[in-house]
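So the protein lines, in turn, are chains A and B. If you read the first sequence in the working numbering, its first letter stands for residue 3, the second for the next number, and so on. If you read the second sequence in the working numbering, its first letter stands for residue 21, the second for the next number, and so on.
Simulated from the structure, these hints should not be mistaken for lab results. Every residue gets a Cβ at the ideal spot worked out from N, C-alpha and C, and that includes glycine. Fair warning: there could be bad hints in the mix.
Heads up, incomplete: computed chain B residues facing chain A, CB under 10 Å, no partners named [what the hints assert, rightly or not]:
1) Ser29
2) Ala111
3) Lys120
Within a straight-line C-alpha distance of at most 27 Å, the following computed DSS-like cross-link-like pairs (lysine-lysine) qualify [said to hold, decoys possible]:
4) Lys42(B) / Lys88(B)
5) Lys77(B) / Lys62(B)
6) Lys57(B) / Lys11(A)
7) Lys42(B) / Lys57(B)
8) Lys57(B) / Lys16(A)
9) Lys77(B) / Lys88(B)
10) Lys62(B) / Lys88(B)
11) Lys62(B) / Lys11(A)
12) Lys78(B) / Lys57(B)
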Amino acid sequence: NAGVTQTPKFQVLKTGQSMTLQCAQDMNHEYMSWYRQDPGMGLRLIHYSVGAGITDQGEVPNGYNVSRSTTEDFPLRLLSAAPSQTSVYFCASSYSTRRVGYEQYFGPGTRLTVT
Amino acid sequence: GENVEQHPSTLSVQEGDSAVIKCTYSDSASNYFPWYKQELGKRPQLIIDIRSNVGEKKDQRIAVTLNKTAKHFSLHITETQPEDSAVYFCAANTNSNTGKLIFGQGTTLQVKP
């Protein structure tokens, strides 16, 4: 299993540009999520999904869109990049039932710089 | 809203000493409490977790305790080693049966040789 994969690893954008961060998992996990990590702020939840066709907002959703058309993929779209979106982005996935367990597996991260 | 507070933000210990990191959570329905370790430039990885039906869990040099009444849980690392130096995050689930986690702000642990 590849686990959770993310592309690209690094990206530089100019203010106002849009782009999509890709995330895929091959563990048949129902739950997928996006976090951003900034110094001293921990891991803040942007958006999450409990299954194909179902998404919801996390703590910091403004400026980001998501969709979940398949179980495997959960892309994150930046609509109009701003310098405040400079961060490291992590995708994570897990099962979503107590019986199986909630361990979240993280992707390797995408380091995004907006100038 | 849902919140997880983590203290301290930084912790420096001598090799061989113990380290304790504490977290509090706000959602009384939370029933799963994982701890993640993140080395510099790497992704967070699960090191131990505890469910609400137990008060303590150990795995070699690490242990986690949970006080559901007080909504506190703690990570204990004994006989610390330089390779324990990393950022540690606590988390609590919310919206039961979705997998959603809320993370604390993180603790940077430095173990001095």
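Now for the hints, and whether the structure bears them out:
{"no.": "1", "hint": "Ser29", "in the structure": "holds, 7 Å"}
{"no.": "2", "hint": "Ala111", "in the structure": "holds, 8 Å"}
{"no.": "3", "hint": "Lys120", "in the structure": "holds, 6 Å"}
{"no.": "4", "hint": "Lys42(B) / Lys88(B)", "in the structure": "holds, 13 Å"}
{"no.": "5", "hint": "Lys77(B) / Lys62(B)", "in the structure": "holds, 26 Å"}
{"no.": "6", "hint": "Lys57(B) / Lys11(A)", "in the structure": "holds, 20 Å"}
{"no.": "7", "hint": "Lys42(B) / Lys57(B)", "in the structure": "holds, 14 Å"}
{"no.": "8", "hint": "Lys57(B) / Lys16(A)", "in the structure": "violated, 33 Å"}
{"no.": "9", "hint": "Lys77(B) / Lys88(B)", "in the structure": "holds, 14 Å"}
{"no.": "10", "hint": "Lys62(B) / Lys88(B)", "in the structure": "violated, 31 Å"}
{"no.": "11", "hint": "Lys62(B) / Lys11(A)", "in the structure": "holds, 12 Å"}
{"no.": "12", "hint": "Lys78(B) / Lys57(B)", "in the structure": "holds, 16 Å"}
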